[in-house]
Structure formats: structure tokens, C-alpha cells
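Asker: So the sequence lines, in the order shown, correspond to chains A and E. With this note's numbering applied, the first sequence closes on residue 669, and no number is skipped along the way. With this note's numbering applied, the second sequence closes on residue 77, and no number is skipped along the way.
No lab work stands behind these hints, which were simulated from the structure alone. All values derive from a computational prediction rather than experimental measurement. Ideal Cβ placement from N, Cα and C applies to all residues, glycine included. Please note that a few of the clues may not be correct.
Here are some, though not all, of the chain A residues that point toward chain E, as calculated from beta-carbon distances under 8 Å [to be verified]: (1) N67; (2) F476; (3) V485.
In silico lysine-lysine, BS3-like type, Cα no more than 30 Å apart, as pairs [as the list claims (entries may be wrong)]: (4) A/K221 / E/K38; (5) E/K40 / A/K239; (6) A/K285 / E/K40; (7) E/K67 / A/K240; (8) E/K40 / A/K266; (9) E/K40 / A/K300; (10) A/K239 / E/K16; (11) A/K496 / A/K54; (12) A/K133 / E/K38; (13) A/K384 / E/K16; (14) E/K16 / A/K149.
To give an idea of the chain E side of the interface with chain A (calculated C-beta under 7 Å), a few residues [said to hold, decoys possible]: (15) A5; (16) N19; (17) G21; (18) M31; (19) G32; (20) N34; (21) R43; (22) P48; (23) G55; (24) I58; (25) I60; (26) L64.
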Amino acid sequence: MSDRYEIALIGNPNVGKSTLFNTLTGENVYIGNWPGVTVEKKEGEFEYNGKKFKVVDLPGVYSLTANSIDEIVARDYIINEKPDLVVDIVDATALERNLYLTLQLMEMGANILLALNKMDLARTLGIDIDVDKLEKILGIRVVPISAIKKVGIEDLKKAISEEVKNKRKYNIKYPHFEPYIKKIISILQKDENLKKYNLRYLAIKLLENDKYVEDIIKKSKIWNELNPVLDSIREELSKKYGEADLGIIEERYKVIDNIVKEVVKKKSGKLTTTQMLDDVLTDEKVGILLLIPFLWMLFKFTFDVSAPFSAMIDYIFSLLGDVIKSSISNEFIASLLADGIIRGVGAVLVFFPILAFLFFAISFLEDSGYMARIPYIADRFMNKFGLPGKAIIPLVMGFGCNVPAIMATRTIENEKDRILTILINPLMSCSARLPIYALFAGAFFSAYQGLVVLSMYALGVVLALIIAKIFRKFIFKESPSYLIVELPPYQIPHLKVVLKNTWERVYDFLKKAGTIIVFGVILVWLLSVYGPSGYLGAEALTNPELLSNSWAAVIGKALAPLFAPMGWDWKACSALLFGVIAKEVVVGSLAILYGVGEENLSNIIVNAFTPVSAYAFMAFSLIYLPCIATLGVIRQEIGWKWAVFALAYEMVLAYIVALTITIIGNLIF
Amino acid sequence: MYPLAFAKEGEEVIVKEINAGYGAMQRLTSMGINIGSKIKVVRNQNGPVIVSARGSNIAIGRGLAMKIIVERENNER
Ligand SMILES: Nc1nc2c(ncn2[C@@H]2O[C@H](COP(=O)(O)OP(=O)(O)OP(=O)(O)O)[C@@H](O)[C@H]2O)c(=O)[nH]1
Ligand SMILES: [Mg+2]
Chain A
1 MSDRYEIALI GNPNVGKSTL FNTLTGENVY IGNWPGVTVE KKEGEFEYNG
51 KKFKVVDLPG VYSLTANSID EIVARDYIIN EKPDLVVDIV DATALERNLY
101 LTLQLMEMGA NILLALNKMD LARTLGIDID VDKLEKILGI RVVPISAIKK
151 VGIEDLKKAI SEEVKNKRKY NIKYPHFEPY IKKIISILQK DENLKKYNLR
201 YLAIKLLEND KYVEDIIKKS KIWNELNPVL DSIREELSKK YGEADLGIIE
251 ERYKVIDNIV KEVVKKKSGK LTTTQMLDDV LTDEKVGILL LIPFLWMLFK
301 FTFDVSAPFS AMIDYIFSLL GDVIKSSISN EFIASLLADG IIRGVGAVLV
351 FFPILAFLFF AISFLEDSGY MARIPYIADR FMNKFGLPGK AIIPLVMGFG
401 CNVPAIMATR TIENEKDRIL TILINPLMSC SARLPIYALF AGAFFSAYQG
451 LVVLSMYALG VVLALIIAKI FRKFIFKESP SYLIVELPPY QIPHLKVVLK
501 NTWERVYDFL KKAGTIIVFG VILVWLLSVY GPSGYLGAEA LTNPELLSNS
551 WAAVIGKALA PLFAPMGWDW KACSALLFGV IAKEVVVGSL AILYGVGEEN
601 LSNIIVNAFT PVSAYAFMAF SLIYLPCIAT LGVIRQEIGW KWAVFALAYE
651 MVLAYIVALT ITIIGNLIF
Chain E
1 MYPLAFAKEG EEVIVKEINA GYGAMQRLTS MGINIGSKIK VVRNQNGPVI
51 VSARGSNIAI GRGLAMKIIV ERENNER
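With the hints as constraints, model all of the structure from the sequences given.
Answerer: Structure (C-alpha cells):
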């Protein structure tokens with residue numbers, strides 16, 4: 001075998017890591033999760049000169065102080081996995097800020113190579129960087145590239161293949177801190193067990209009050225000796241800098257300022273497009289006025305454009321089901337294949353066009369730079385309900401489909417904020433619930449049909465905001481984390497980047513949430529064709545007499561007393577059970593259970609419901625359960641525990657709301 | 001000295017204090033807003049404040065902007 005090396009890509013958010021990753025590795029990409037956390041882990045490979053390089057794409061971070069999952073993942077990886085080379089990708093147009101991370105990497109003693117990206121943009125902005133000088137000052141290799149234009153990639157590969165073997169000794173000195181660092185190291189040295197760490201790194205981190213490193217040292221036998229020394233140093237620093245940990249930060253920026261002074265030359269810039277656009281788009285009033293049509297367009301584009309594709313897939317799969325039924329003689333197997341497996345796979349794939357177009361639109365907005373501004377605009381309003389500004393995008397997307405909406409919460413860094421945003425998302429009325437509203441509103445409230453349907457959407461939003469406030473108060477307790485977000489410059493989106501991002505996200509859904517949906521559909525199929533008396537035959541799915549002996553009916557009947565106050569019969573309850581697959585199934589199931597075609601359904605339900613019980617049924621359908629797909633994606637994102645919690649609270653909430661509607665409705669009418 | 005949230009648009013200020021928790025402070029400093037750094041207020045209406053620091057624009061929630069104490073630049077000698 002030839003040589004194999006592991007290299008890691010690291011850098012601030014938005015510096016072009018993913019772009020470079022894709023350029024380096026081509027199609028050989030493996031996406032997974034970091035063990036134990038939901039942050040994406042991407043791995044790929046490339047070959048150069050007969051050597052194989054495994055590339056790991058680390059999450060975008062501003063520092064390695066471990067304040068967010070991303071930072072912990074990145075830090076732990078570098079400390080524990082010790083990659084042969086860390087490629088630090090730096091945005092040439094914001095060198096000053098990017099070098100902060102570089103310095104931290106150097107403190108860790110990692111083997112580093114600097115890739116100076118976006119050189120094309122730097123040139124247009126009149127930023128001139130003296131690469132040789134930068135290399136000399138830092139003592140590490142610096143390669144200027146443009147990942148998007150594929151400039152300098154060969155140079156980079158060559159540099160990587162050389163640097164993996166060449167462990168450099170570099171030295172960044174913090175003049176005011178060296179005496180302290182030396183003193184601490186002299187004590188740390190006495191413990192053999194600490195030798196596996198970089199002592200200089202430990203010393204600096206101790207001066208920065210880093211909890212993680214402190215915990216390591218507290219277990220060491222030298223802690224008793226170190227503690228008083230550390231205390232006196234910290235006291236000294238507090239006097240000088242206000243707080244001890246601020247000292248080292250200031251020191252890093254001093255070093256950076258000196259470097260930047262030496263290597264960066266900037267010609268005076270003119271008013272950029274970004275400034276002009278931001279004057280309008282981030283204005284308090286105009287910004288909000290423009291946000292609404294933007295979100296509406298996002299929404300319309302996704303669902304209108306994808307609708308025919310979804311319908312097509314739906315059609316193809318039902319056709320496929322029919323073909324199988326007529327060509328396989330064993331009725332059980334035919335039904336399992338057609339009504340269970342094929343229908344299940346179909347239920348997953350109908351999401352494909354929706355997700356593809358939604359993620360396309362989102363990736364487009366992201367790459368344009370507008371996406372980063374939306375939380376800024378919505379922050380104040382969302383904060384009132386205990387939600388972070390970033391929650392706005394997933395909530396709006398929920399009107400279309402909760403599945404991609406929940407996946408879109410990934411941009412929320414704070415775990416509690418994110419869980420809260422996910423939990424309330426199913427209350428946003430997705431498009432699958434519309435057929436239920438349409439059926440009942442048409443049958444009972446034909447004069448006010450539009451208004452009644454709209455009231456369901458409004459009910460969902462109001463409940464979501466109230467629940468958010470309640471959960472924030474009683475479960476998550478602390479207030480939403482402050483918005484701190486970089487607003488990148490606007491740019492014309494790169495189609496390639498947009499398509500790549502779209503595909504990765506869709507693929508991720510199909511792989512992970514897909515399986516659970518298929519199993520869910522098969523389960524409901526089993527409940528329909530089996531009853532207490534055993535196998536009923538596949539006709540149970542079309543024959544109301546048979547179906548009334550199935551487990552699904554048994555469960556419906558068992559539930560009926562619970563829903564008797566609302567005046568629903570067991571058929572309505574069973575239909576709700578089937579709605580777990582996807583809410584649009586409720587209508588079809590009602591038709592089967594009442595033994596009529598969907599066309600005649602409204603005539604039947606006029607007798608089975610009253611206007612009040614119908615309205616309560618609509619509200620219940622809105623709230624009661626996330627569908628299987630949504631449940632699957634909640635589990636994927638935040639685990640079983642929260643998925644079960646979402647299911648439970650929504651059931652309770654749905655019951656309370658439906659009961660309230662019934663009581664108030666009966667009082668009035 | 002006054003909170004960043006009270007600074008006017010277009011004003012250039014020096015950060016004097018950050019009275020936020022460890023997490024928020026580390027995040028601000030890693031994005032280039034530390035004590036002593038010069039920042040320019042790009043946008044300050046009723047919502048978050050947008051500042052320009054070390055060449056990039058950063059939006060800071062209003063609550064946090066109340067905890068960042070700044071001083072007008074030309075007040076320095
Ligand atoms: N002008 C220019 N733009 C680039 C270059 N490389 C990447 N970009 C753009 O920079 C933006 C960010 O690129 P990504 O590859 O998504 O950055 P990232 O570092 O993976 O970002 P995060 O995953 O958010 O941390 C995209 O809009 C790219 O099109 C480059 O060399 N020149
Ligand atoms: Mg990326």
C-alpha cells in the first residue's frame with residue numbers, strides 16, 4: 001500500500017471550506033455525524049503523487065474556546081485524532097479576523113498549512129497580501145488559492161503532500177505573557193501524564209480560564225503546586241486587563257495587528273454593492289416590508305414548482321402498486337409489496353421534489369448572502385416569544401412541510417434554542433393538512449370556506465408562539481441566546497455551490513428519515529390487514545366491513561369514548577390514526593371507513609358531524625401529531641426523547657383545544 | 001462611556017467593557033470585537049445593532065448591545 005495521510009480542513013464560517021473540500025475530493029464524499037452530536041461530519045479522499053489523503057471537513061468556527069458544539073467537535077478532533085496536517089482556510093478579504101483562529105491552532109501545536117482563499121475577491125477589493133512575508137512571520141506554509149475558480153489547487157495539493165511529513169517548528173510569542181507561560185510550563189512538566197498534551201497549549205488555556213483544560217489539570221498531582229501560582233498570576237492579570245482571560249485575547253489581537261500591518265496593503269475602497277443593498281434590506285421598516293414578499297416567494301416557488309413532480313411520483317407509485325397487485329398471485333405478498341413497501345417508499349419520495357426545490361431556494365438565498373440578514377430583521381419579534389431570530393426561517397417553511405423546516409433549524413447554534421424551535425414547528429400547518437380543512441370547510445361552512453381554512457393556519461401560528469413562550473419559561477428557562485451573526489457580503493450565487501448544497505441536504509433526508517417513514521407505512525398496513533381474528537385479507541383496505549374488524553378499527557373503537565365529548569365516532573378516530581402516516585391520508589381513510597368515494601364523502605360527513613364537532617376535528621387534525629416523516633426527522637435531529645415529547649405534548653394540546661372548541665361552540669350554538 | 005445600543009449610526013467607537021457572560025464574550029472576541037477594538041456602527045434602529053469590526057459586518061442582538069460599553073473615538077487623545 002502507498003502512504004496514507006489524514007488531513008483536516010478548518011476555518012471560520014463562510015471562508016470556502018466546503019467549496020475547497022469539494023474541489024479537492026471530487027465526488028468521493030462521505031457524510032455522517034460526529035459521534036454523539038448532530039453536527040455534520042464530511043469525509044472524502046484525494047490522491048496526489050501516489051499518496052492517498054483522507055480529508056475531514058470540520059465545522060466552521062471562529063475560535064476553539066469550545067462554546068458551541070461545533071467548536072467542541074473541532075477542538076476534540078484536533079487534540080484527540082491528531083491529523084497529519086491541519087489546513088487552515090483563511091479568507092483573504094478578512095485576514096485580520098481569520099488569523100485569530102490560526103493563532104489558536106498554533107497554540108495547540110498542530111501541524112498547520114495556511115490556505116489563503118478568495119484571492120480573486122481580495123484582488124477586486126484592492127487588498128494586497130504579501131504571502132512570503134506572512135509565511136515568514138508565522139513560520140508556516142501559506143498557499144494563495146481561489147477555491148471557486150479552482151486557482152492554485154495543484155499548488156495546494158503539492159504543498160499538502162510536502163507538509164504532511166514536514167512537521168514544522170513555529171513559534172508565535174506573546175511578549176507580555178511569555179514569563180507566565182514559562183512559569184506554568186515548568187510546573188506542568190513535573191507530571192509525566194501530561195506529556196501527551198502540548199504543554200504550551202495547556203498553559204495558555206489555563207490563563208484563559210478554559211474549563212476543559214482546567215478539568216484535566218485538576219486531576220493531575222501537580223494541581224496543588226500549580227493552584228496558588230495560577231491564582232497569583234490571574235490576580236496580576238486582572239489588575240492589568242480587567243479580567244484575566246481578556247489579557248490573552250488582547251495579546252492575540254496585538255500580534256495579529258502587527259502581522260496585518262506588515263503584510264496587508266489596502267487601497268481605499270469605494271461604496272460597495274453590499275453597503276448599498278444593506279442600506280435598503282436591513283432598514284427597520286423597509287427590511288420587514290421586503291422580507292414578507294421574499295419569504296412568500298420562497299414558499300410559493302418551492303411548493304408550486306414541486307407540486308406536479310410530487311403528483312407524478314405519487315401517480316407512478318400507485319401505478320406500480322396496481323401492476324404488482326395484478327401480476328403477483330399471492331395476495332398477501334402482493335399487498336405487502338404494493339400497499340406496504342411501495343406505498344411507503346412512495347411516501348418518502350413524494351417529499352423529494354419538495355425538498356429539492358426548497359433546499360435549492362434556500363441554498364440560493366444563502367449563497368447570495370441574504371439569508372444571514374433574515375434573523376437580523378426578525379430578531380426583535382421572535383425574542384418576544386422566547387425564540388431566537390434564526391427561528392423565523394424554519395417556522396415559515398413549516399407552512400409547506402415540517403420535514404425540511406425542521407432540518408433548516410441546523411443553523412441555530414444554541415442547542416436549547418434549536419430544540420424549542422423544532423418542538424413548535426409541527427404546529428405550523430403544513431400543506432398536507434389542507435385537504436382535511438377543505439373537506440370539512442366545504443361541507444359545513446361553505447359560505448365562509450376561505451375564512452375557516454385561514455383560521456386554522458392562524459390557530460397554528462398563535463399556538464406555536466404561545467407554546468414557545470410556555471416551554472421557554474418552564475422547560476428551557478434561560479432566555480434565547482443573543483444574536484451574534486456575521487453578515488457576509490452579497491454576491492451572485494454560484495450555481496454549482498447551490499446545487500451541491502441542495503443535493504447533500506436532500507440525500508441526507510432520504511437516507512435518515514426515509515427508513516422510518518417506510519416502516520411507519522408498513523406498520524399501518526399491518527394494523528389494517530390484521531385484526532384480533534387474524535389475517536383479514538388485503539381487501540380490508542377497500543372493504544369497510546372487513547376493515548371494521550382490523551386492529552386499526554379496534555384501536556379506533558377503543559379511542560372513541562375518549563373523543564365522545566367532541567362527538568366523533570370510531571371511524572373518525574381510526575381516520576386520525578391513519579393520519580399518522582401523512583395528514584392527507586385522513587381524508588382518504590374517512591372515505592374508506594364510511595364506505596364511499598372521496599367525491600361523495602362530504603354528503604356523508606354532514607350527517608356524521610355537527611358544525612362544531614367538525615371544526616373541533618379540523619383543529620385536532622391540525623395539532624394532534626406530527627406525521628411519521630416529521631417524527632422521523634425530529635428523532636434524527638434531536639433524538640427519540642424529544643420526538644416522544646413532541647408527540648405527547650401535541651396530543652394533549654390537541655385534545656384540550658378540541659374540547660375547548662366543543663364546549664364553547666356548544667354554548668354559542 | 002455608554003452602551004453600544006445607544007451609539008448613533010455612522011459613529012466610530014472603541015469597546016471599553018463587555019459585561020456579558022463567558023460564552024457571549026468569547027464569541028464576540030473571536031469575531032473580532034474585543035476590548036480596545038475600534039468598531040463602526042453601521043445600523044442601529046430598534047432591533048439588533050450592526051457594527052463593522054475588522055473588515056466584516058456583525059449583527060449583535062439588542063440585549064447584548066446593551067452590555068457592550070463603548071466610548072466615542074474622538075474622545076481619545
Ligand atoms: N469569490 C470567491 N468566493 C468564494 C471562493 N471560495 C468560496 N467562495 C464563496 O464563499 C461562500 C462560502 O463558501 P462555503 O464553501 O460554503 O464556505 P464554508 O467555509 O464551507 O462555510 P460554512 O460551512 O458556513 O462554514 C460561497 O458563497 C462560495 O461561493 C473563492 O475562492 N472566491
Ligand atoms: Mg461548509
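Asker: Take a quick look at whether A/K133 and E/K38 sit within 30 Å of each other, Cα to Cα.
Answerer: holds, 26 Å
Asker: Holds or violated: is the Cβ of E/G55 closer than 7 Å to a Cβ in chain A?
Answerer: For E/G55, the interface hint holds, since the closest Cβ of chain A sits about 5 Å away, which is under 7 Å.
Asker: Identify whether the interface hint at E/R43 stands, where standing means a beta carbon of chain A within less than 7 Å of its own.
Answerer: holds, 6 Å
Asker: Would the hint on A/V485 be counted as holding, given a Cβ-Cβ threshold of 8 Å to chain E?
Answerer: The hint holds - A/V485 has a Cβ within 8 Å of chain E, the shortest such distance being about 5 Å.
Asker: Under 7 Å, Cβ to Cβ, is where E/P48 needs to be relative to chain A, so tell me if that hint holds or is violated.
Answerer: holds, 5 Å
Asker: Checking hints one by one. Is E/I60 an interface residue toward chain A, by the C-beta closer than 7 Å rule?
Answerer: holds, 6 Å
Asker: For the pair we were handed, A/K239 and E/K16, check the Cα-Cα distance against 30 Å.
Answerer: holds, 15 Å
Asker: Sort out whether A/K54 lies within 30 Å of A/K496, counting only the CA atoms.
Answerer: Judged against 30 Å, a Cα distance of about 23 Å means the pair holds.
Asker: Taking only the CA atoms, is the gap from E/K40 to A/K300 under or equal to 30 Å?
Answerer: violated, 38 Å
Asker: Does the structure keep E/K40 and A/K239 at a Cα separation of 30 Å or less?
Answerer: holds, 28 Å
Asker: Holds or violated: E/K67 with A/K240, Cα cutoff 30 Å?
Answerer: Answer holds: E/K67 to A/K240 is near 21 Å, not above 30 Å.
Asker: Just to be careful, I want the Cα atoms of A/K384 and E/K16 compared with a cutoff of 30 Å; is the pair within it?
Answerer: holds, 29 Å
The structure shown violates the earlier hints numbered 2, 4, 9, 14, 15, 16 and 17.
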